[in-house]
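Peer 1: Residue-level listing of the chains:
Protein chains: 4
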Amino acid sequence: MVVVMKSGASDQQVQAVIDRIRDCGMEAHVSKGTERTIIGLVGDERQVDFDSIAALAGVEQAMPILRPYKYVSRNVHPETVTIQVGDVSVGKELVFMAGPCSVEDEDTTLRIAEAIRKAGAQVFRGGAYKPRTSPWSFQGLREEGLRILSKVRDETGMPIVTEIMDAADIQIVGEHADVYQVGMRNMRNYTLLNELGNTSKPVLLKRGDSATLEEWLAAADYIFRNGNHGVILCERGIRTFENYTRNTLDLSAIPAARSEACLPVLADPSHGTGRADLVEPMSKAAVAAGADGLMLEVHTEPQRAWSDGRQTVTPEALRNIIDACRRIRDIQA
Amino acid sequence: MVVVMKSGASDQQVQAVIDRIRDCGMEAHVSKGTERTIIGLVGDERQVDFDSIAALAGVEQAMPILRPYKYVSRNVHPETVTIQVGDVSVGKELVFMAGPCSVEDEDTTLRIAEAIRKAGAQVFRGGAYKPRTSPWSFQGLREEGLRILSKVRDETGMPIVTEIMDAADIQIVGEHADVYQVGMRNMRNYTLLNELGNTSKPVLLKRGDSATLEEWLAAADYIFRNGNHGVILCERGIRTFENYTRNTLDLSAIPAARSEACLPVLADPSHGTGRADLVEPMSKAAVAAGADGLMLEVHTEPQRAWSDGRQTVTPEALRNIIDACRRIRDIQA
Amino acid sequence: MVVVMKSGASDQQVQAVIDRIRDCGMEAHVSKGTERTIIGLVGDERQVDFDSIAALAGVEQAMPILRPYKYVSRNVHPETVTIQVGDVSVGKELVFMAGPCSVEDEDTTLRIAEAIRKAGAQVFRGGAYKPRTSPWSFQGLREEGLRILSKVRDETGMPIVTEIMDAADIQIVGEHADVYQVGMRNMRNYTLLNELGNTSKPVLLKRGDSATLEEWLAAADYIFRNGNHGVILCERGIRTFENYTRNTLDLSAIPAARSEACLPVLADPSHGTGRADLVEPMSKAAVAAGADGLMLEVHTEPQRAWSDGRQTVTPEALRNIIDACRRIRDIQA
Amino acid sequence: MVVVMKSGASDQQVQAVIDRIRDCGMEAHVSKGTERTIIGLVGDERQVDFDSIAALAGVEQAMPILRPYKYVSRNVHPETVTIQVGDVSVGKELVFMAGPCSVEDEDTTLRIAEAIRKAGAQVFRGGAYKPRTSPWSFQGLREEGLRILSKVRDETGMPIVTEIMDAADIQIVGEHADVYQVGMRNMRNYTLLNELGNTSKPVLLKRGDSATLEEWLAAADYIFRNGNHGVILCERGIRTFENYTRNTLDLSAIPAARSEACLPVLADPSHGTGRADLVEPMSKAAVAAGADGLMLEVHTEPQRAWSDGRQTVTPEALRNIIDACRRIRDIQA
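Chains as they are written, first to last, in this note's numbering: chain A, -4 to 328; chain B, -4 to 328; chain C, -4 to 328; chain D, -4 to 328.
Worth flagging that the hints you see were computed from the coordinates, not collected in a lab.
Predicted model only: the values in this text are computed from it and were never measured.
Where chains are identical, the list cannot tell them apart; a pair therefore holds if satisfied intra-copy or between any two copies.
Result set (BS3-like, lysine-lysine): computed pairs, CA atoms no more than 25 Å apart in a straight line:
#1 Lys1 to Lys27
#2 Lys1 to Lys65
#3 Lys113 to Lys146
#4 Lys27 to Lys65
Only chain A is shown next, with the shape it has when bound in the complex (with noise of 0.2 Å):
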């Protein structure tokens, strides 16, 4: 941590400042400059309450070095994790997941997940458990969505991701899930990364809308550093001013979470911009800006869906996608 103390602040404030970081068991190293003095801890500040020393009298801003995650930082793990779904090695080899937003009714949802799985992909997804903004809209097939699922891998040999809500539901979810899926809304769930973290399955942890990319890979430690190093980072795009598009994809997060953490890092260019003529660009710019894979709505009929039809691309969209992302991910090898 660092603290910079205002101009005009006394010797004795400068002093109590110190005085408090060392009942903090660390120590503290003064720098007097010509208009302010900044005085450096050393030590942890992660066991510090850095909004407590800024609430001394004197300090003007008290500002934290260290990030607020550990496990997950190159620094202690500087391979990147591989995570092992189905035949495929996430953060080896480029992963595709497709599917359609809402699990439909079986018929449906078994003659997408075959057309997708001849376009290429390699993992199914669906919501059961459907997290939507009005209690009114369609909340999605539950445990009926559940046992579907289950009968497309049975049917199709792809493995399933779909989205948990609850910590409560971590068992049925995972009887019927390859990947348990945290969508953005409960990036923030610590409860439920807590005790995902004791599981053995890996999660997909979406990014939060107004997350920054540090509060993103500390969701991720919460899930790591309970035993569970399974963590696949996804970027879904934050909220901004910008409304043609449903959110703003944020591709420079992937770079930046590959170099920070060890963890793969997709992209959904699907919630990222809501429009399904985008779809197509912006996956490939997530290929070309380092991803390991992506996760797209698709759906045989998208204006059929049952949500989220806006964003929605065909099977035979999608095999194109995975076409031109392959060889762009040749040319970065």
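Since the structure of chain A is provided, determine the placement of chains B, C and D on it from the hints.
Peer 2: Same frame as chain A, now just chains B, C and D:
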């Protein structure tokens, strides 16, 4: 819903949209403009997935007209709900909820509570379960914290408001708290909201830091429609580019929420600004904007607080804030 | 400036930073922590480009400590500047600047001005040059508008504030206006700011919709340091994801700006909210937060206004706002 | 425009809106829904001030349907404009504009230019007039900088792009530059845009950091409709809450702008990220998303750059970026 066709959309495309709308059991009204054709839906559009209509060929935009909430709307409930918390009728008279960010040891917490009560606050706040960005930060005293809160009520007579982070904790938190607090990170935890709707205790629902007014009111509807009408809204700042303050306290949301919905609205200038020196002016501003009360972080020694010291004021400052706010409220009446 | 080295930075890298700082004629103080080394600069860092230091090998972050402004700082000018506009001492007493968004025909404008004067406003506002997002929208009456504004002053005695869009118009606008208004789109038009610093008339400087508090005060410094101390700040809302309101009026910027700088601060709740029904509550809130006055869009027939009718209030509403604000101000004193 | 009446609006209120629309010479189509009445306008709504209609009694919302721009729209100009800059046909082939943030002394600038040319860039960029947040930062070499830029063109043959900050400088900057650059701070300086529309040199128009896609294209329309069709758009990042990067580079704006407008679109990953380590991945991502080229900050010694060193790459890095981007572009074709 209003569907705007692309300029150059064919008659068949227009007809396909009309057919689709009628399939959903609604009526369609068509306006042909010089550049575009516009189709209006007649019926309750909340039952239709507007994204799927947006996915039809030739459609440029499909814009919802109805709000994503129903029951909390002033159209349904013209009168503001009054919620009894201890001796205070929230929604009728100004309420001040105050206390430390985190529940601390019993002695300190009791001392703070007594000072706060004398300063004029009617409800005690304090966090036992602390959602923290970093897994390495202090996570709250949990059950031990709840026990201390019960002691505070016993000793001071003040009702307790404290945060709940997971639906599984409804029982235990309800044994100690008079008001459940849903923090900004859980505003979109729909499992939690749904289950709180089945309880009989008031819920203080903070606005998510990336939630629009409509999304916030829709979250309230999750609780309200299940039968629990005791929902108190609390504006606590949204996330913007400005970093002088911790968040940007959106005071316009107070008169807006009061105008759109039937619920009382508080403000939290402590989290809303993150700076003790801004708490008093923003408290007064919130009441002048029509707030039904305030939630404030108060500690006898802010610089010793276990968390959030920078935004914490003293009981003396609290007394001044309460006095000033009461005088502003008197003018309003 | 504080330079934070990467964990693992070599001694040579640390030395290179120190050498670079000394090359700039400043001193460096080094603190070696358990994870990182921190280097503090001693001297006026504004002369150093901190991005170049951030580019040195082994540097993780280079954080500025000093503000980007000097002369408007309370450290340099402890007393609030008082600015005379007609009979009003802005900074000492509440000022209300009101009028239509655009100057309209002479008769309408005079009728509005007379009604506004009677309602208690002291300064007339109206746009002759209108910056409009679309080149196809009404761009203002320009010179003809300025002539009408002069007529308003002659007939009502009210001083005039009107927007200037380009440095080339300083002469002609100055012939008709008593206060130059710099709109939010021009807050970073440094050529204009520099030249307004060479005039002797007050400047009302609106905050840019993506400007931080520091950037806004730095813009004021462009005017102030050239010798024109008559700078009136005006908060008018920032751009956020919320779309219920046109902008998000950041009232915390009012006490913050008053605390950091020596200048009076107004609020513009008309642009800040974009909704006539929110103008009164946000006007009162602004004054309760410490605003030195308000700028308001007022028209005798808002639904006939040539622009911005949705956020325009009537002279009767203005009278109520002024009365309520004066009573709130009296409490503050 | 679509006018949505409040639920409960009276027939007289609906009729008043219809009358007002007809007064403007347009037609109104009425749809009565179960909860609301919706009125569609038939005609060119750009001539109507929709805020004034929104101010009529009983109106809930008035939503524009048409874009705020006309001439740059693909509806008017289906083909992408090709703009000749030196030997490059911008819009047809990839263009790389590179150089230091600020023009420095002649020797350094020439040395950088030569290295950049060899690395494969076709256009030289460098700032002579520097818009800086703080009046105390280096403001550029101004006329002396322009002279050095001319020298660069003479010695290397590379065309020059440089920033213009004020309409009064059009003449002098035009004598030295081949392309006028409008920086993000001036995207809404409509006086400057209008006058650049009367010149015959290409204009590189950066997106404002709080500008929506529509506002950016409307700004381009200010130039285009005056006769200068040589407008090159450049996405350079928007302002969001994320502070890991300097701005958030909104790559989805590239395919979106290319789809809506007839203009070539570049990306500036230097300002867009503010971090040298993210420039390469985001350069590749931009080209994969369909960018027509890049603008990059390059310096032979980034840590010696007079400004923006942290986001500046070396000529060697530039060569790798150009190579990778060309290979990605080849795949696209």
